[in-house]
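Colleague: Read off the chains here:
Number of protein chains: 2
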Amino acid sequence: MRIGIDAMGGDNAPCEEVRGALAARQFLDRGDKIVLIGRQDAIRQHLAEDPHWPEFIEIHHAEQVIGMDEAPVEALRSKPDSSLAVMTQMHANGQTDACVSAGNTGACVAAAQMRLRRLRGVHRPGIAIVTPTHYGPVGICDVGANVNCRPQHLYQYGIMASVYLQCICGVRNPRVGLLSIGQEDAKGNELVKQTRSLLKSDANLRFVGNVEGRDIFRGVCDVVVCDGFVGNVVLKLMEGMAEGVIRTLLDELKAMLPGKENTIREAAGSIIAKYDYNEYGGAPLLGVGGICIICHGASSDRGIMNAVRATMDFSKRRVNEQIMELLSTGQRVADV
Amino acid sequence: MRIGIDAMGGDNAPCEEVRGALAARQFLDRGDKIVLIGRQDAIRQHLAEDPHWPEFIEIHHAEQVIGMDEAPVEALRSKPDSSLAVMTQMHANGQTDACVSAGNTGACVAAAQMRLRRLRGVHRPGIAIVTPTHYGPVGICDVGANVNCRPQHLYQYGIMASVYLQCICGVRNPRVGLLSIGQEDAKGNELVKQTRSLLKSDANLRFVGNVEGRDIFRGVCDVVVCDGFVGNVVLKLMEGMAEGVIRTLLDELKAMLPGKENTIREAAGSIIAKYDYNEYGGAPLLGVGGICIICHGASSDRGIMNAVRATMDFSKRRVNEQIMELLSTGQRVADV
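Residue numbers (this note's numbering), protein chains in the order written: chain X, 4 to 339; chain C, 4 to 339.
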């Protein structure tokens, strides 16, 4: 297996990307290679930390870099030699088997869609994240690839994310909920109402009906389906809120338990780690004809390392093959 | 001032409603009255707890009750003598000056829109909540009145919620953010992009641009504008997440600090109280031609009591008058 990494994408590129690649060696099998794509000199400088790098790392030079705030399609057009564009092109050419980026998410989604195309039967790719809860992992799809969703897109997110949770998190026959603003059929916007009937009519899916924001943390479903605008708001809200609530609780506790500051800080650290995107190893763009793992822009070396592990798992557990299979049977039902 | 309360609406009606009304006496001025609307016998039974009730409470009998899960418009049509319908009708007739309900939110919004009409210049009413954060209160509007928003609606939510934060929370010249999925102009769905230019063009508003979910807790704005679908998802997510994060942190801490269970539980209780909807005193339906305060269905007597206080504040600080004033000047700018 050959995994391409956009070495120039993240907020702290290429330092964290290179260090993450070095640390990921533990997850590679014999013969596997990581291809770091980006400015050769900068990459080499950080590789120097580990003299064994040539055993499992290759460098592929790309001169240009797409910034975090650039408009995706325009940036890809004007920077054909950017690390991100080259990374997806190499995957499309068969020079790599997967790609990983902590760069501009919109540009990564656009490049993957253009170069890797879609899996057979998929209408729109969607990004799936897995969030830890008191009751176990919950997958949310889409969290930002597609802000103009149609019911068919959401329905397929239910199928793809189910496969992902089953393959990667070991959740058997995942319960799928549709994010809305009330459990009753009549609640929600037009998109939700139409999606609901598609999800209901597919006997291959374990659809549990509408779920509300609070249900994500109450163990009522394993997969939450939503459009990319709502999903992205939810994703970032969770990030900000975990931080905010914990900070407030710490302030209270410090005042109440003087002398226990360190223990309290340690406990908080362990919770924050549970909500830390660096632990998940990135989010797959489900539905593209390849493997594309998107990392948080602020990913540390640990985040990149875990993304390599996620990439290996994605490939070994044949997520794409299973999506195509479930999609072909599921759609017959939904089309009736 | 006469405040009508739907005594039959909440999950624990009429017990909590009646007790809340009794406890609210402390906020009333001389001559103010609370009118409890609903089944006379049930209301009287709980009023018996306080022999002084006739000094500040009246009962107005209404035979029917609208359930939490009933379809709003149909329920209002088929139950003209429901406590909710009677409550709004009494306000419209001038028999009361405000109304408070912990009942079916959709039915309450529909009844208020039909009976109280809209304030001059308002396109669509929206529900505003105030959430506590580490950096101070943040208002979010709309959280569920309007799931099919147009840019003009969102723009007016910015104006109305600004007035509300200024009048009720004492935030001077509130910073208004538009909830989106990235700070750049190009990010977001069509609704957000169009709303952005309306907000930008109004010199009376302190618009700080797009904000993301995490920014709600980072002190970057005082008012968050969003459509009612997204806002309701956010509201319920916050509710579920505060609970979930705190529970996880408590489990960690209990294991690390044996013997300190009570202190830890106490600290958690004080945080949960900060996020407790019962402390806010309900959310106003901004933009209707009257005062309509909507409470969480699970409101306790404390929640109802605080809603009465919120109602008094809303009236004394002349929120509606100020909305109309800002709306009439603001719109001239936006129409250019």
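By construction, these hints were calculated from the structure, which means they are not laboratory data.
We put the beta carbon where it would ideally sit given N, CA and C, even for glycine.
Check each hint, because a few of them may be wrong.
Stretch by stretch, here's where chain C covers chain X in the computed footprint (C-beta under 8 Å, at least three residues) [claimed, not checked]: (1) 158-166; (2) 232-242; (3) 260-270.
Colleague: Taking 8 Å as the C-beta cutoff, is the stated coverage of the segment 260-270 of chain X by chain C satisfied by three or more residues?
Modeller: It holds, with 6 qualifying residues against the three required.
Colleague: Cut-off 8 Å, C-beta pairs, minimum 3 residues; does the coverage of the segment 158-166 of chain X by chain C stand?
Modeller: violated (count 0)
Colleague: Residue count check for the segment 232-242 of chain X against chain C: does it reach three with CB-CB under 8 Å?
Modeller: holds (count 10)
Of the numbered hints given earlier, the model fails hint 1 alone.
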